[in-house]
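Based on the sequences and whatever the hints tell you, model everything.
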Amino acid sequence: EPQFAYSWFPCDDDPADKALFEAAITVDTAFVALTNGSPVGVERRGARATYRRRSAYPISTYLIALYVAPYREFTDRYVSERGDTLALRYHVLPGQIQNARIDFADHPAMFDAFERAFGRYPFWEDGYAVAAFAWRGGMEHQTITAVGAELITGRDKIDLLLAHELAHQWWGNAVGPASWNDVWLNEGFATYAEAIYMESREGEAGLRRHMRRRFTTEFGGPLHSPPDGLFTKTTYWKGAWTLHALRGEVGDSLFFRILQDYFKTYRYGSATTEDFKAVCERVADREFGKFFDQFVYRGVGVIELAYDWRAEANDSGGGNETLVLNVQQTQAGYDAYDVRLTVEWRSEDGEPSRRDLRLDRRRQTFRIPIDKAPCAVALDPDEWLPAAISERPKNNR
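The opening residue of the sequence shown carries number 925 in my numbering; numbering runs sequentially from there.
Note that these hints are calculated values from the structure, not bench results.
It cannot be assumed that every hint is accurate.
Unchecked claim - Below, in silico cross-link-like pairs of lysine to aspartate or glutamate (EDC-like), each with a Cα-Cα straight-line distance of 20 Å or less:
| # | residue 1 | residue 2 |
| --- | --- | --- |
| 1 | Lys1188 | Asp1176 |
| 2 | Lys1296 | Glu1236 |
| 3 | Lys1188 | Glu1198 |
| 4 | Lys1214 | Glu1228 |
Here the structure is a predicted model, which is why all the values come from computation and not from measurement.
Take a look at the structure:
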């Protein structure tokens, strides 16, 4: 990845040019050979064995892989909501099975979270496998994820890596990028899937905590046609934050309908950023040009907000108050973001109250009727925006 498959087999090394695939791999019998798709059979002749596999689904060349090692295998299974059973096959090096049983144990929960969020696992007939390989990281080969052998420790520390690579079966493998300019549709989506998995385990707190870990004020360059390289924090983390901001903008129901419609529309094919935008507009029945311009196509970092507030008595009397909120966008490189902004305020003896505002200018003042003077005011309390927010000294009465 991205374009070196041609260096080991003849191919049109274009991610949008998917093909059907089968392989016959002959090795010494001391080794096991693996590749994409489902097993067809093994032929043994003396000291040699030929492993045959075939994929029932189109595959991009960069997702084709060949593994040969003295693997030891164990299995698990995932039972879907509809009652179907998917075999999960794990291939690790000698002496690693006990550690791998611990580290790989949450795969059924990951499948459950992603099928609920995105739709049915797209390569059901081919199954799913994980194999150790000699690199410190992971790679989402179609139907068979690679994970660095040295990471399999039995300390249950690679859940997010495994969740990320599994999510690629939907985002990157089933729905592929039309070109590498659209790589955020792979990596940003798989990174946000990590957060969705954490949300399935720990609720909203887990979602927010994970997104904080994927935030930096140093995102650089646009998501589309990334100028500083394909595999950067901008592609992964800013891509995830773009999806998170989209979810905050449209709400959960529309957001997951968008993802599921996008998956169904482009499954086993390829998509562009504009294709994804078109799905957003069709499902939500609104225009998203501004949203994609500011989060995907422009090379800015994050939203930067500074705010102050005060409480004023209403001129009409009666004891009610007005919250006067001044918000300034201070980021360089982009005139003004246009986003939905939630403000939350709390009085000394009351429950928190909220109001959704439209933030679309560099400087804005909002006047919000309230019952009591607040003791604290916060912007974006649920952290939907990729924003650095600071409160200026207050001028309360």
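Original post:
Given the proposed pairing of Lys1296 with Glu1236, does the C-alpha separation stay at or below 20 Å?
Top reply: 10 Å, holds
Original post:
Would the pair Lys1188 and Asp1176 pass a check requiring their Cα atoms to be no farther apart than 20 Å?
Top reply: The given pair, whose Cα atoms are some 18 Å apart, holds under the 20 Å limit.
Subject >> Lys1188 paired with Glu1198 [C-alpha distance capped at 20 Å] >> reply: Since the Cα atoms of Lys1188 and Glu1198 sit roughly 16 Å apart, the hinted pair holds (cutoff 20 Å).
**OP:** Mind checking the alpha carbons of Lys1214 and Glu1228 for me, to see if they're no more than 20 Å apart?
**Re:** Between Lys1214 and Glu1228 the Cα gap is close to 18 Å, so the pair holds against 20 Å.
Consistency with the previously given hints is maintained throughout, with no hint failing.
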